[in-house]
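Engineer: As a plain string of letters, each chain reads:
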Amino acid sequence: MPYTPELKQLIKKVEATRPERVRRKKEGKEMPAMSLEERQAVLDAFHPDCKKTSKRSIGVGVNKGYAISPEIVDQLESKSRVNPDQVDLNPRFTTDVLVVGGGGAGVAAAIMAKEHGAKVLILTKLRVGDANTMMAEGGIQSSSKLHKDSPYYHYLDVLGGGHFKNVPELAEALVGDAPETLAWLESLGCMFTKDPDGRLLTIHGGGTCRKRMHYAADITGAEIMRTLRDEALNFPEDIKVIDFTSAVELVLNDQGQCAGVVAYNHETEEYFTIKAKAVIMATGGSGRLHIQNFMTTNHYGATGDGLVMGYRAGVELNFLHTVQFHPTGVSYPDQIEGLLLTEKFRGMGANILNIDAEQFVFEREPRDVEAAAFIRECEERKKGIATPSGKVGVWLDSPMIDDLKGKGTVEKEFVGKWKLYMRHDIDISKEPMLTYPTLHYQNGGLKINARSETSLPGLYAAGEVAGGIHGENRLMGNSLLDVCVFGRRAGRSAAEFVKSGAKDGKLGLEHVKKYHQELEAAGIGGGRVSPMLLPDYGNPDVRKNQITTCYLGTIR
Amino acid sequence: METKVNLIPIHVMGKQYMVPDTLTVMKAMEYAGYQLTRGCGCRGGICGACGIAFRLPDSYKIEVGLACQAMAQPGMYLAVLPFFPNKRGIHDLNKVKAAVDTFKALYPEVFKCVSCNTCTKSCPMSIEVMDYINAVIRGDIVQAAELSFDCVMCGLCTSRCPAEISHANVAILARRLYGSQITPRAEHLAKQVEQVKAGKFNEGLDQLKKADVNKLKELYKAREAEPDNTPDEWAPKSNDYL
Ligand SMILES: Cc1cc2nc3c(=O)[nH]c(=O)nc-3n(C[C@H](O)[C@H](O)[C@H](O)COP(=O)(O)OP(=O)(O)OC[C@H]3O[C@@H](n4cnc5c(N)ncnc54)[C@H](O)[C@@H]3O)c2cc1C
Ligand code: FES
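In order, the protein sequences belong to chains A and B.
If you count the first sequence from 1, you need to add 3 to reach my numbering.
If you count the second sequence from 1, you need to add 95 to reach my numbering.
Just to be clear, a hint being listed does not mean it is correct.
Claimed, not checked - So the derived list for chain A, only partly shown, Cβ under 7 angstroms to chain B, looks like this: (1) R130; (2) M137; (3) K151; (4) S153; (5) G163; (6) P171; (7) C193; (8) A225; (9) L423; (10) R426; (11) Y540; (12) N542.
Stated by the list, open to error - 27 angstroms max Cα-Cα, derived DSS-like pairs, lysine-lysine: (13) A:K32 <-> B:K316; (14) B:K304 <-> A:K214; (15) B:K216 <-> A:K422.
Unchecked claim - Facing chain A, a subset of chain B residues (Cβ under 8 angstroms, in silico): (16) E125; (17) C135; (18) S275; (19) R318.
No lab work stands behind these hints: they were computed from the structure.
Ideal placement from N, C-alpha and C gives every residue a C-beta, glycine not left out.
Same shape as in the complex, but just chain B:
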């Protein structure tokens, strides 16, 4: 099913190359002969290393995207933004509170947001960026954390923001405050940590470490399997080694 290659012109930082129209910008650049040493990480749209800015021929619009995700389009003019200077409000998470004042101190520029929504429009992950910035301004850290959860921290929003906000760093602060201070800690996990520290499982583990392969296989086969569709309360028949 080999289909014939349709070549289109693209302009990589001003220079034209003919590339197949089935490629992402990243692969199109490689096709053109680039060997990437920057602006490339996961190649799968999750690490945020490969920001680009581009313009299409008959448009005035500056668009942004991820090179590993955006398709090469006829006549596009593109520049690679593998690094964008972001501001970081240095802090020790243990010493800051989950409150709007923390953001006022570390990221005062957030409060100068002009609500232009350019950040949201430029997000390759379709995150409601402006909405989470507004949530921070209202002091609603929970909403800021939840709305920004898919952020890959590519910084493209920052590159377009008239208020010069470093959105991704603001968002991760909100998420870390949410995760560490707002949601209740898992009590069962804390108990398990205590039990391990108290040495409760040492004897069982010692036995396993010393067991020969046949014994291990026997124990392995005899494990009681938790069924797939039972509620969390399911308990095994044997309490041994728990």
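Only chain A is shown next, with the shape it has when bound in the complex:
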């Protein structure tokens, strides 16, 4: 939908203050950044993580007492979707390595496991590539410019971003593997943006001391994802795919190893067992849990399933006490609400403005501070811009990028977003965008070591579902990297385990039964079941009439 007449009226104000703002910026006169004290104050009062109600202690399991987002706790404090006694544990499929999740981490792992001699099965909820990886825009970090950058400086940046809490071995693996991983993607044919002589172009990202953000126009994640997918699908003998089917529980064997999953076919609604010598959990993030009712940048299937399955099997969680919000999510038009507007808009000079077209925050504060400042402007100062559907936002003044860097810059540098908005009759090189903070990234997850092993033999984890690499806060460009680095490591480790460590044994779901008993003993969980698999955006008015009492015939 184009802007309504009311909003167009407000845009006039933005246009009125623009020439002066552009002039100041050209003269290098920026709005001052906040002092460290001011930053802390706005974070404490307005950042979603700091709200008193933002955390609840987990009541059962290995992390009992650990306080994290209640929406995630709800998922953990739930029973299985199935009665473990009813599951048919005779495997319908058997494989060496089972990869759960067809995103960047999962597919990278599959390719590597195959290269190390394993037969692989990818099980994925939607289609391979319907994943957060596909949606990443900005870029992927790696040191590659020898004269000014190295893994050493990359490491320092990673730790500074993570509040110095990162697990050192994981951060080391990330920065150390980075060049090789990037070269691997290049060899697979990813079209990274380059000079004619092959030199990779690099820019800054939030918190980098050297320009080491490599990119493929503004669809870096899509370019990586579709390339990896294409590579995997070219080896149908070794890498099989089952899509539109979710894993709902891990299966263990009597040797104490992870030995497969219980899967759920979304169409036939049956649960069945897949047996594997090693399992790689690569289910991604959890934006669709809509923590504190925030909109999200994440894809439809990002519901934190891997956390639940791993936790029931006794794998520890870490770094889930912080959640990453991105300051600039779309708040209008509704059709694309929550979608990410990359940091690059602000990096190239676009101001942030309130309803009176005044600047109220420097546009390049750290992500958490910037987001908190938006929330303060709208909630406390009531200077946000209301949208027709009752949401709120602040202006991101993209047209000033053309004024600063030359006509056509917005269309060229942000072609994906420009086209997207044009479909709604909004030309972002001429009209500003309405934005509000959006739920973006799951900083923590299943605890792993540098080989991507969890504490459960035979179970590996990689990508957004794993925790520790980024400490309490991930920097832009380090997640696409992490997905590929640890995806590859997990694939390799799992293939080795298949050859040397895996033992055959009787399959069982004793851990699920035990978890159920714990829940009952603690008197928590109510009638909840998890993992969620897909969020419910069905119409509640329709829902209340879906009152079939039981299955009869073919109509539910």
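Guided by the hints, dock chain B with the ligands onto chain A, whose structure is given.
Structural biologist: Below, chain B with the ligands alone, put in the same frame as chain A:
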């Protein structure tokens, strides 16, 4: 600023529902009561999972689009195409050449293109699909790769193609050949890989791994920052740890 809801009729696979006129087809289907288990991925126009075909009331035209992007329109008749059988020419990228013969072998149907331009007209990403197919036919892989770069692989072009070409798979082959064989490899990156392998950075990283938080903070604050608007040649004053 709550505005009043204007309901319009749409026909989802033949059945009529009244939905607000401000919704995308995807959200309109959810409003109607559908719970999507297919045909929905990123919800943001980039994954290509949500193809639809539709016709408007007084038109003979079959149109296609992405459910998460196309708006519900009064009287539209729509069908969901969450899956379309695409052909894949199985190959090992390392064993095929960046040459027109590769396409002749893997996707011979490309050369039967009748230049009707229906593919281009049906592309939700406004890609010049027919032009890149023609580029492939001419053996111009560079142009095919560049023109198709924004492809989300939804397969809608294929659903409409009289020559039954699987355009998206042809295009990604062109792009991967371009990226791996035609553009020069980044020499600086290859050198960095060698240096890492040779263990050049191990000592520095070991120091960092062992450092306590205070030491790390000190080193972090002392980092020399590359200014934003300097050319790539910029070099830090200190060569340590490079
Ligand atoms: C809009 C956006 C922009 C971003 N931009 C950047 C950026 O510029 N740079 C950067 O480095 N990072 C960026 N990120 C972060 C990064 O893209 C993700 O963190 C990363 O790609 C996650 O990869 P993954 O493989 O772990 O998960 P995903 O790519 O999300 O893949 C997970 C897969 O698992 C499947 N799955 C989930 N549950 C189950 C189940 N129960 N059974 C079977 N399958 C299941 C999902 O359907 C999905 O296919 C961005 C993220 C978003 C959302
Ligand atoms: S859901 Fe991804 S393109 Fe529509």
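Engineer: Hints first: check each against the structure and report whether it holds.
Structural biologist: These are the hints, each one checked on the structure:
1. With a cut of 7 angstroms, the hint placing R130 of chain A at the interface with chain B holds, because the nearest CB-to-CB distance is about 6 angstroms.
2. A least Cβ separation of about 5 angstroms between M137 of chain A and chain B falls short of the 7 angstroms threshold, and the interface hint therefore holds.
3. Below 7 angstroms, beta-carbon pairs count as interface contacts, and K151 of chain A has one with chain B at about 5 angstroms; its hint therefore holds.
4. A least Cβ separation of about 5 angstroms between S153 of chain A and chain B falls short of the 7 angstroms threshold, and the interface hint therefore holds.
5. The criterion of a C-beta within 7 angstroms of any C-beta in chain B is met by G163 of chain A, whose closest approach is roughly 4 angstroms, and the hint holds.
6. Because the smallest distance between the Cβ of P171 of chain A and any Cβ of chain B comes to about 4 angstroms, under 7 angstroms, the interface hint for this residue holds.
7. The criterion of a C-beta within 7 angstroms of any C-beta in chain B is met by C193 of chain A, whose closest approach is roughly 5 angstroms, and the hint holds.
8. Residue-level restraint check for A225 of chain A holds (minimum Cβ-Cβ distance to chain B is 6 angstroms; threshold 7 angstroms).
9. Hint on L423 of chain A holds. Least Cβ distance to chain B is approximately 6 angstroms, under the 7 angstroms limit.
10. Look at R426 of chain A: its Cβ gets to within about 6 angstroms of chain B, closer than 7 angstroms, so that hint holds up.
11. Given the 7 angstroms rule on beta carbons, the hint for Y540 of chain A holds: about 5 angstroms separates it from the nearest Cβ of chain B.
12. Look at N542 of chain A: its Cβ gets to within about 5 angstroms of chain B, closer than 7 angstroms, so that hint holds up.
13. At roughly 24 angstroms between alpha-carbon atoms, K32 of chain A and K316 of chain B fall within 27 angstroms of each other, so this suggested pair holds.
14. Taken as a hint, the K304 of chain B and K214 of chain A pair is honoured in the structure, with Cα atoms around 23 angstroms apart against an allowance of 27 angstroms.
15. Between K216 of chain B and K422 of chain A the alpha-carbon distance is near 16 angstroms, which keeps this suggested pair within the 27 angstroms criterion.
16. Contact between E125 of chain B and chain A, as hinted, is supported at the beta carbon level, the nearest pair being about 5 angstroms apart and thus within 8 angstroms.
17. At about 5 angstroms, the closest approach between the beta carbon of C135 of chain B and any beta carbon in chain A falls short of 8 angstroms, and the interface hint on this residue holds.
18. A least Cβ separation of about 4 angstroms between S275 of chain B and chain A falls short of the 8 angstroms threshold, and the interface hint therefore holds.
19. A hinted interface residue such as R318 of chain B counts as satisfied when its beta carbon comes closer than 8 angstroms to some beta carbon of chain A; here the least separation is about 4 angstroms, so the hint holds.
Checked against the numbered hints given earlier, this structure breaks none of them.
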